[in-house]
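Given the coordinates of chain A, assemble chain B onto it according to the supplied hints.
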Amino acid sequence: MLHYLGRRASYSVISILGLLTLVFFLTRLTGDPSALYLPLDSTPEARAAFAHLNGLDQPIYIQFWNYLADLLRLDFGESMRQHRSALEVALEAFPQTLKLAFVAMLLSLTLAIVVGSMAAARPRGLFDRIATVVSLAGASAPDFWVAIVAILVFAVGLGVLPTSGTGGWEFWVMPVFVLMLRPFGLLVQVVRGTMLSSLASPYIKTARAKGLARHTVVFGHALRNSLLPVITVAGDLSTGLINGAVIVESVFGWPGIGKLMIDSIIQRDFAVVQSTILVTATAIFILNILIDLLYAVLDPRVRY
Amino acid sequence: MNPTGIVSLVSAAILAGAASPVLAQNASHDIRIVLPEQPANLEPCGSIMTNVGQVLNQNITESLTVIDAKTGKAMPKLFTEWKQVDPTTWHFKVREGVKFHDGSDLNAKAVAFSIERMTGGKLTCNNMAKFGNAKLTVKPLDDYTVEIKSDRPQPILPTLLSVVMVVSPKTPVDKAVNNPVGTGPFKLTTFSTQTVVLDPFDGYWGKKPVVTKATYVWRQESSIRAAMVETGEADLTPSIAIQDATNPKTDFAYLNSETTAIRIDMDQAPLNDVRIRKALNLAIDWEGLAQLFGDDIQRASQMVVPGIIGHDDGLEPWKYDEAEAKKLIAAAKADGVKVDTEIKLIGRNGIYPNGAEAMEAMMTMWQAAGLNVKLVMLDVADWTRYLQKPFPAERGATLVQMMHDNNKGDAAFTIPIFYRSSGQYSSLSDPAVDKEIDTAMAATGEAREDGFKKIFRQMRTEIVPDIPMFHMLGYTRVGNRLNWKPDITTNSEIPLANIQFKN
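Chains A and B, in that order, give the protein sequences.
Take the first sequence: its position 3, counting from 1, is numbered 3 in our numbering, and each next residue is one higher.
Take the second sequence: its position 466, counting from 1, is numbered 466 in our numbering, and each next residue is one higher.
If you're looking for bench data, these hints aren't it; they were derived computationally from the structure.
Just to be clear, a hint being listed does not mean it is correct.
Facing chain B, from chain A, some residues (calculated, C-beta under 7 Å) [claimed, not checked]:
hint : residue
1    : THR27
2    : ALA35
3    : PHE50
4    : ALA51
5    : LEU53
6    : GLY77
7    : GLU92
8    : PRO95
9    : ALA155
10   : VAL156
11   : THR163
12   : VAL251
Glycine included, C-beta positions come from ideal geometry on N, C-alpha and C.
Looking at chain B on its own, in the form it has when it is part of the complex:
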């Protein structure tokens, strides 16, 4: 064979070898999802972690309730209906005819087992963070009715139960597992260092999904993940960087549930003067800053995104007014406030794309307004010391870069943490505010919503304990053969049952 022939043969072999996986994938309803990182484990109790939840939630394991992305209200899933008997007691009906992947029946006892496994303290359970210190007592009343009592009023217990992933009663109580057995439409087939494979569960109680097999792989580099979808090696990848979202036909921007902000340390001078805190908000050229995050970014006026119960749609974000900011600083200075005191802006490396650039820009704008702001970028562990109580004693005046994720439908997952005296991230200590928060937390319906709105308004207009920045966007690349779009829940789950094919 002459050299040209050999080259042709080798090229043909390479093309055939490379093309075969793509062709095989197109011919079926098997899909391949490429995630930004390897799931640390597959323990359902830790499914609020993005890399675990995107594989498990509503695929292998299902929750007791789900949150409606539009209204923020709890909707039925494995609990079909519920009623509040008294402020600390709820009764729930368990869905009948549901089986676990191991053949066990879902009933009241199985639900009690899952809740007790999560709350029992015998294993590290990240999902418990949503319950705070609440103590729950679960009692089956009959085969399909559960009574849940809490040690304090829980008006949004159905919402809280959306983080309880129900597992088979045969699951170990005191040991985290990597082979979860749930009631979802898919069961785990493989979990290795390179892949997770899910196959359909024939005994699923709901509608049979169109997807016939799901294979998850992971690549850290956003550009590689985007390329994998472009070449057909994968069908879908969440969380690509804005610079890789270059194809309007396949790349979807969606408002995720994250809000970026700067927390102001209200204990420390000169930040304990409200004029300085207002000036910090006014001194930022918000339109200019938004360019770092893409055209569709939304300005935030409060710490939760629209759609969350308690979000005040009428609350205006701060406008850019450098002259007004300078005026407020000058007024404070005239009253003896030491406005030239150094203020440390504590940033966190890699907190979100272009996060460091945003901090540099904001520092420059604050300096231009007359404040002595210095940027300190830290890794997550050091940054956490400034974010969470107890704050470092010798910290001085600090501004802390942060990003808050509330996709649970209710501002109860935000307000107490940021604004109550006991809140982990709160630098505010005001008994009157605490009382308002407690009242809103104990209320239901409209009173609850209005209570939260009032607190957000008070924070925005009177107290100013933070600098809300933007409601963040996520970018997801979806391959041409899929008929699916991401939404606010995509950061926490990618339900395979919702994925359809164009052909």
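Extracted from the complex, chain A is given alone in its bound form:
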């Protein structure tokens, strides 16, 4: 196990370094930041001074070399926009996204497992039909539209929830609801499909023949064997959420890393772009390792 973890970690470090190198050069291709940071009527002298102060007047290979040297000292640079450590900016935003993603995924997964299993227990029954319609609608609804409508109904119309922002539990309701719609819809379909397959298996027939209770057969025997594909899809969806729920963060004013990343790209805040990608890439590698370990827990045949 330790050998496996060590191998995965070393691969991850190499991948992250490759990614950061790629991001370094791609961000520089987007153009000169002084066009965005200085007023349009700035003089050429002011633009030259800006480039000099930020080291942008040096050849790209010198800039890259300096970047690597700074990385070795764990110096990730300073945000040109916010005038403070870029890593600090990224690490402030990331927990906000992580908390939101964790709650949304936990609720999505739990609800999807229950709803998907119950739907599969009586295929084509009333509950199955309702669950299919609701889950497909959830997976297909544009989150931007759902978010705006939710604000209009619950904040402006009924006045029972705040429009946006962060704070007590009431601020979580709409962002979590909007964020979990798509994962919930997809996972319900995955759970239902894998459960239908499991419930048709010979060992389930044996369990039923032994006279086990219906819920024991469904949740105790069939569900466990159906979880591996569900975990795979849930892992993939979690990766998307960790990368930042840009729309939800923008609409609800949630200070997460997705919006920060997009803003930094648009504003050519190179150091922040690199830091946000470093933070999210590291988190995604850790998440993938956790998912691999979870496979081993759920399926005794999987060993590392």
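Structure of chain B alone, referenced to chain A:
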């Protein structure tokens, strides 16, 4: 407890939880302002940026002078009086009895420090853009008198000094700060990724503001910001979209200092023919186009708004006359001008609400008049290449969508940039015009105003280097408990000291 009881209890809890912030806000003179974007930083040297200035200017930091929104003239603030000693030398009196939030005294040395910090070149200072390449030498003459010398005549130095935000002498000279210490009626308490909080400064030299605390938050979506004021979560939000300004009781339209226009590339055929440039102005159905920007929009005849020194009130905007436009194009064609040459209309994504729609409409109208105009929409960085010198060598004939903001009271912040040969956005190269501009720039009083008016008139009637479109409107939603209205300065500052309450 039965299910109905549980539902009632949960609903009551939700209502109580949601209502409490609103009630708490109503009970005091604390206010909450929701901005369209997070302030990038709180460096006073960059306070001409809207998102920084709306928090800092006249709240935390104060300027040396302020511009009267109606007359465009420089008025006292931290400088109380001034006189011009010779064309390059001014003497200023510093307001006495003023303290910084850290307890330091405002005096001539502190003023010199702030100006030198801004002009010293050790940090990126956006406010310096207003000074161009001017070099200033500041010398305290006594505790409360400052002498400022410039390397060239600066007849409007008091106006220029309205962008100098005075900071404590303890502020780092070579490092931008996010914890500004000024002399304003409010001091910074919190600056986080979610909020900026300002509390009153007890040692303020002026009248004590009615506002007891100001909290700034930011939401990108205009509809969300408007909803926050409607629900009482916020008291005020600037810059909402026209489609969200639906409530006449709370939504105020105001003429901001922005003018939209199209710059004509006068170097390139067929745009180097004045008949084509006039035809471009005549071919637009201005009334129809105005519908994109709301009922109160004002047509522009020049690149500055009324109230700016140099604005010519008698200058008529171009009228819509498609027949005349066609006639001018036909005359040019008859003289051998290649009127069917492709003209690129360079638009910028998101430059102002409905900006792309306006460009599409104008392109269609020009095509209808017989010109071969093609629209190219670009993001800001690519668009800037066409706007600023050096222009791309292989650009061909171009028209560039632009918006100019002059809220500094004087056409000196506009004319040299757009019409002088050396101007960053100028496609005009005419020594005679340069001379007129230099004369007007060096003049004072009526001669200065008349000089600028003459140049605007010449541009409108003879040279036609641009297509002035509209003086733009901003829309601000103000909550019911506030007694405050936006004005031309709202895009650059929201002075909390001016905000009153209805009750």
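Okay, the hints, checked on the actual structure:
1. THR27: violated, 13 Å
2. ALA35: Check passed: Cβ of ALA35 (chain A) comes within 5 Å of chain B, closer than 7 Å.
3. PHE50: Since the shortest Cβ distance to chain B is 5 Å, the answer is holds.
4. ALA51: violated, 10 Å
5. LEU53: holds, 6 Å
6. GLY77: violated, 15 Å
7. GLU92: Holds, about 6 Å.
8. PRO95: This hint is violated: PRO95 (chain A) lies away from chain B, its Cβ roughly 11 Å from the closest one there, beyond 7 Å.
9. ALA155: It holds, given that the least Cβ distance between ALA155 (chain A) and chain B is near 6 Å, below 7 Å.
10. VAL156: holds, 5 Å
11. THR163: Hint on THR163 (chain A): holds, closest Cβ of chain B at ~5 Å, below 7 Å.
12. VAL251: Result: holds, 6 Å to nearest chain B Cβ.
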